[in-house]
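Trainee: The chain contents come next:
Number of protein chains: 2
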Amino acid sequence: MNDLSIDAARLLERIRTLGAIGRDESGRLTRLAASDTEKVGRDQFVSWLDEAGLEVAVDRIGNILGIWRPDGVGDRQPLMLGSHIDTVIDAGIYDGCYGVLAALEVIQTLKAQGFASSRPVVVVAFTNEEGVRYAPDMMGSLVYAGGLDLDAALATLGTDGSVLGDELRRIGYAGAQEPGFFKPHAYIELHIEQGPVLEREGIPVGAVQNLQGISWQMVTIEGDANHAGTTPISMRRDAGHAAARVITFLRDRAKGSNTPTVATVGCIDFEPNAINVIPSRARFTVDLRDPDEDRLKEEEAALAAFLDHLAAEEQVGISVERLARFEPVTFDRRIVELVEKAARERGLACRRMTSGAGHDAQMIARIAPSAMIFVPSIGGISHNPKEHTTDEDLVAGANVLLDVVRELARKDCL
Amino acid sequence: MNDLSIDAARLLERIRTLGAIGRDESGRLTRLAASDTEKVGRDQFVSWLDEAGLEVAVDRIGNILGIWRPDGVGDRQPLMLGSHIDTVIDAGIYDGCYGVLAALEVIQTLKAQGFASSRPVVVVAFTNEEGVRYAPDMMGSLVYAGGLDLDAALATLGTDGSVLGDELRRIGYAGAQEPGFFKPHAYIELHIEQGPVLEREGIPVGAVQNLQGISWQMVTIEGDANHAGTTPISMRRDAGHAAARVITFLRDRAKGSNTPTVATVGCIDFEPNAINVIPSRARFTVDLRDPDEDRLKEEEAALAAFLDHLAAEEQVGISVERLARFEPVTFDRRIVELVEKAARERGLACRRMTSGAGHDAQMIARIAPSAMIFVPSIGGISHNPKEHTTDEDLVAGANVLLDVVRELARKDCL
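Sequences listed follow chains A and B, in order.
Following the working numbering, the numbering of the first sequence begins with 1057 at its first residue and continues without gaps.
Following the working numbering, the numbering of the second sequence begins with 1057 at its first residue and continues without gaps.
In case anyone wonders, no lab produced these hints; they're calculated from the structure.
None of the values given here were measured: they were computed from a predicted structure.
Backbone N, C-alpha and C fix where the C-beta goes; we use that ideal spot for every residue, glycine too.
No false leads were mixed into what you were given.
Covered stretches of chain A (in silico footprint by chain B; criterion: 3 or more residues with CB under 8 Å from a CB of chain B, positions within the stretch not fixed):
no., segment
1, 1264 to 1272
2, 1332 to 1340
3, 1437 to 1450
Only chain A is shown next, with the shape it has when bound in the complex (with noise of 0.2 Å):
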């Protein structure tokens, strides 16, 4: 299959071009969902989807698709290939936007090629994935999916006090189409990992065959404010003690665990986080993570096991809040086996992996089957301005995608 590959120059030079837009005067790039820099974004790929001769679509939730309808697919449901473009605070190029630069990649190749698709081939990208400005993250193609109603979704407040529907209709991406109006046959997303692992191992593709259960837990303890100086040792309820008993509880397991568990305080604060005062409230966020839902669950129930053995033993109050849960999601093994076949063919190493973070993979994979393909990310470091994946890696990646597109649209795959 060798015998085509994408333009790397072009999609090279549209990821920089991209990731141009939206810079403040210190150069930080932001390009929150719906927001005025994310329409310029968004026009600059559609301005895209035009040079190639993609047919528009916006859907009401704002996700953007470019169709390629070759000559005698009829009304077959299409091949679906995408990402997002919006990003978060203070972001790298990469996140997304490679993915939906690769997919629009490969099917301009392989419509200047004429290549023969049995079907539609689809780039979209999807509205709101990082949740930054309005949660829930992943929020365009969880409605796509059908797994979030789509007035609820519309009428999402933002942090900023907007409303996402207002917003996306004032930058003119509130469209016509219902979500989910093209249901897709199979959908492949294109990312870089955000992770240090095929950059630790040296392997420039990831053929991703599924993606951690998510679980976020908000944890708050109640103890009492007392002289940090007067009080002794034994008339303590220090909060901010019992929390740091639950961090290291955290990391204790996870290392003495053979699984792939992972587990993460990110967040945490004293209240009255004074010098001098023993802490009365220490508020802290727990992410626990796991391929595996039945460890996931065990998981949850032995850090609800310990907060009750630790708020009698520091005689605390412990009360919990559940931010978000997804179950682990198992991509499509057909799927994964063509990326590791094109990845072979293509004389680049590859090796099966997990998904830490969650991607608009997760989401279609409810109505359709679905799988990932992740290239290395320099240091692991993503959400932030050093990440970086080479030229080689972006693309090595892109020409897997298009081997793996070229499978999918024979008429009896899948």
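Since the structure of chain A is provided, determine the placement of chain B on it from the hints.
Mentor: The following block gives chain B in isolation, referenced to the frame of chain A:
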């Protein structure tokens, strides 16, 4: 000595009157040093000094002295009694004020009785003991004792951008006297305990024999911000987890030792403080206290050794900034014994104890034999509107102070 007692009603009434000054619309009490509300409190105190017929002196750092010079005392050094009348934010009414108003009450009682003191007796309200608006705390007494340069203290920039010297002038309390102009023969400070010990043991009087040394440090741990989902536990440099290990280390060490050492982590923050990002940075305060200087040094060294070990084990960078360091203070044994004797003769249970908090007495101890008397704090609560001491205990403490002053006022005492 029980022939004479203070005027309980007058003392309690004054405590309540002063405690009503500086309340905001919602009833919160705040009289920060040299603020408009503190000026009203100072004016009230001075009017009571006038009413008691005392000579009023204000020094250049704003300390207010009410001086009683009985006939025949000549130029003998005074007995000095006092504390402070500035407060923290959302304060209780007893911290500091009780000691100042009880001292005034004692002097007024002795004066009215024509008590033959061999020395002047002075009540003092030191400026900025709390240190909330201007650092360091205990500033007025520190300057009075010659431990901080007057001009440097007056140039102190407040948390609100004000300059202490300007504010003292503005509120009319930039006095003419050089701080320390009246060197005390002895100093006694009556204060609420601000801890739970006396109440829990049912003892109304504490004879404070020493004051803990205080070591304040800010610890900063630097790791790597990486994605919480994609970074295997073994590849993490998690600054938040390392911080939690320090907190549990300090607690385990304090709990495991048979010493009065206390260790508190009161402030913490993580960066970037995002639920799905491993903390790249954790900053937290460590408050270590011990009445024994050697032991305090040992605790500091143990923490430093643990941080070294942690930096290597967790592959994180750790830096430590010293915020404050006060050596323990041992009070004058003779005065402590006079407190015990006075309590005994009043039929009050008394125990020797260590002050866990800092007080003006620790500064004046540099220039004169000093000691403190504690009364119980209900629930050990202080720096809080719930701060409370029963009227009975307040009156008992003031009478013990009265008796101690009568002993010290004898010609050959100390």
